[in-house]
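Novice: Residue numbers (the numbering used here): -1 to 120.
If you are wondering where the hints come from, they were derived from the structure by calculation, not from laboratory data. Some hints here could point you the wrong way.
Pair ranges (Cβ atoms, derived) [unchecked claim]: (1) E63 <-> R5: 31 to 41 Å; (2) M92 <-> E50: 43 to 53 Å; (3) L2 <-> I108: 33 to 43 Å.
In this text, a Cβ means the ideal position worked out from N, Cα and C, and glycines have one as well.
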Amino acid sequence: MAALLWRAAALLTLLLGGIGIVVPGLPTVPFWLLAAWCASRGWPAVERWLLEHPRHGVSIRAWRERGAVPRRAKWSATVMMALSSGLILYLPLMPWVQVVAPCAMLLVAIWLWQRPEDGRHR
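Produce the entire structure from the sequences given, and follow the hints as far as they go.
Specialist: Right under this line is the structure:
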């Protein structure tokens, strides 16, 4: 039963990552990192496929081995968070949302830039 739940979680996060390929602002690799983690608990063939994926496998392996994030991914995430923060500040949202969301994104950006980089994808 537990293996089925891990497989369902892997499929869901794979789907979200796949949507992220075509929808701007929705990330792919973080969802696929989660998919690989879920698959490692109940679907070894999918985990292996993700680790060997020609485009995203390098990033997934770098994260697993060293907690590394490519510089390009750091810049992309930072720009998207800045644009999202600007939009949140522009929209007529509740004041607490306009404070908490950008602050949370700033904390994520600080954490992200402290991660080691994978020199192959700068």
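Novice: Output the numbers, in ascending order, of every earlier hint that fails for this structure.
Specialist: Per hint list: single violation, 1.
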